[in-house]
Amino acid sequence: MTVADQGLVIDPMHQFQIVPLFGGDTLTWYTPTNQTLWLGIAVAVISLLMIVGSSSKAVIPGRTQSISELLYTFIHNMVEEVTGHEGAKFFPYLMVLFTFIVTSNLLGLIPGAFAPTSHIAVTAVLALMVFLTVTLVGFYNKGIGFLGMFWVSSAPLALRPILALIEIISYFVRPLSHSIRLGGNIMAGHAVMKVFAGFAGVMGIASIVPIAAIAAIYGLELLVAVVQAYVFTILTCVYLRDAVGEAHH
Amino acid sequence: MATTETVAGAAGEASQKGMPQLNFATWPNQIFWLVVALVIIYIVLTKIAMPRIAAVLAERKGTIGNDLAAAEELKSKAKAAEKAYNAALEQARADATKIIAATKAAIQKDLDVAMAAADVQISAKAAESEKRIAEIRAGAVAAVSEVARDTAGALVEALGGHADASAIEAAVSERLKG
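Which chain is which? The protein sequence lines are A and B, in order.
So the first sequence is numbered by our numbering: it starts at 624 and just counts up by one.
So the second sequence is numbered by our numbering: it starts at 34 and just counts up by one.
FYI, nobody ran anything at the bench for these hints, they're computed from the structure.
Check each hint, because a few of them may be wrong.
Unchecked claim - What the simulated footprint calls covered on chain A by chain B, stretch by stretch (three residues with Cβ under 8 Å from a Cβ of chain B suffice, anywhere in the stretch; the number is not a length):
#1 633 to 646
#2 662 to 674
#3 684 to 695
#4 717 to 726
Just so you know, even glycine gets a beta-carbon here, dropped at the ideal spot from N, CA and C.
Whole structure, please, built from the sequences with the hints as guidance.
This is the structure we're talking about:
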């Protein structure tokens with residue numbers, strides 16, 4: 624995106640480029656990239672937080688321990704409330720999802736950082752994992768009865784085939800919306816900040832306006848980072864309820 | 034399955050055409066490292082962190098439960114102690130009332146005995162005093178008749194008569210009676 628006048632060049636998408644970490648110009652499937660670095664940092668932060676936080680095992684927790692316990696109980700309650708008791712075995716899975724997404728989102732807000740969750744490849748894998756899990760667990764638990772969730776028994780008989788079609792379409796759209804919602808939100812926030820940063824670079828004293836806007840958007844993005852991780856996780860819980868609980872439609 | 038791509042070609046082209054997210058040449062690389070990261074997080078969480086946190090939370094729940102139970106027990110103990118205290122207080126009050134009544138009765142009895150003794154003594158004293166008064170009175174009458182006899186004798190002698198003792202005595206007695 625190039626704005627010719629004023630010599631203003633804003634390329635908000637450049638920050639999402641994936642480049643090999645150690646130079647070179649080839650990108651194989653195993654080449655460590657800038658994204659790999661930030662994935663690694665996310666892993667390190669999560670490991671540090673959760674291992675150090677759980678190491679003291681104090682009955683009266685310290686700060687780090689409180690954070691790790693807060694995460695644990697937050698996700699645990701979410702799974703219990705949304706998915707039900709049978710969903711409790713997916714708790715570790717949801718714990719991984721939430722900690723990974725929220726850490727990546729928040730780390731991505733460090734200036735100069737890279738947010739893996741701004742890439743559709745990442746969110747698509749996460750969403751497809753959820754989709755496959757729900758489908759496989761659903762068929763495993765309920766057999767062919769899993770298809771019953773598409774047959775809305777509370778609707779008039781004539782409407783049921785149409786509703787079934789709509790339900791099936793919405794079921795298969797789930798991974799798409801699930802992944803685009805997260806990736807799109809994170810990408811858009813970063814791109815908007817980049818655009819304002821581009822304005823700030825050429826506006827002289829008036830650049831106080833875009834800088835203030837960046838500060839405001841940054842606050843909003845902090846919220847978005849946590850909320851999107853929450854949304855992704857709770858939607859996973861909702862989808863899993865279809866697979867493990869009795870279907871209420 | 035090495036998806037080799039020149040960065041100049043892949044990335045450069047993407048930056049010209051738009052979103053790096055849609056540069057599918059980078060997808061195998063992204064997916065590979067993502068899966069590695071997720072597996073590591075999964076292992077760290079399930080093998081180390083979550084069992085520990087679950088143990089701590091269970092322990093805390095147990096501790097709080099024990100403390101609450103202990104508090105409940107102490108509370109009931111305190112209530113029982115209060116009840117016992119009140120009962121003891123009531124008992125002591127009743128005992129005190131009884132003791133007071135008994136003491137009062139004993140004192141009254143002693144007092145009655147002492148009063149009776151005192152009455153006896155007083156009446157004895159009074160009788161003795163009356164006797165003494167009567168004695169004194171008799172003494173006085175005797176003294177008066179003696180003085181009168183002597184005086185009468187002296188008067189009779191002074192008037193030149195001869196005083197007959199028995200006559201004087203009879204006369205004085207006669208006069209004193211009147």
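Right, here's what the structure says about each hint:
Three residues within the 8 Å Cβ limit are the bar, and the segment 633 to 646 of chain A against chain B gives 8, so the coverage statement holds. For the segment 662 to 674 of chain A, the stated coverage by chain B holds: 8 residues have a C-beta nearer than 8 Å to a C-beta of that chain, and at least 3 were required. Evaluation of the coverage hint for the segment 684 to 695 of chain A: fulfilled, as 5 residues show C-beta separations to chain B shorter than 8 Å, against a requirement of three. Here's how the segment 717 to 726 of chain A fares: 4 of its residues keep a CB closer than 8 Å to some CB of chain B, so the rule of at least three is met and the hint holds.
Violation of the numbered hints given earlier is absent; every hint is satisfied by the structure.
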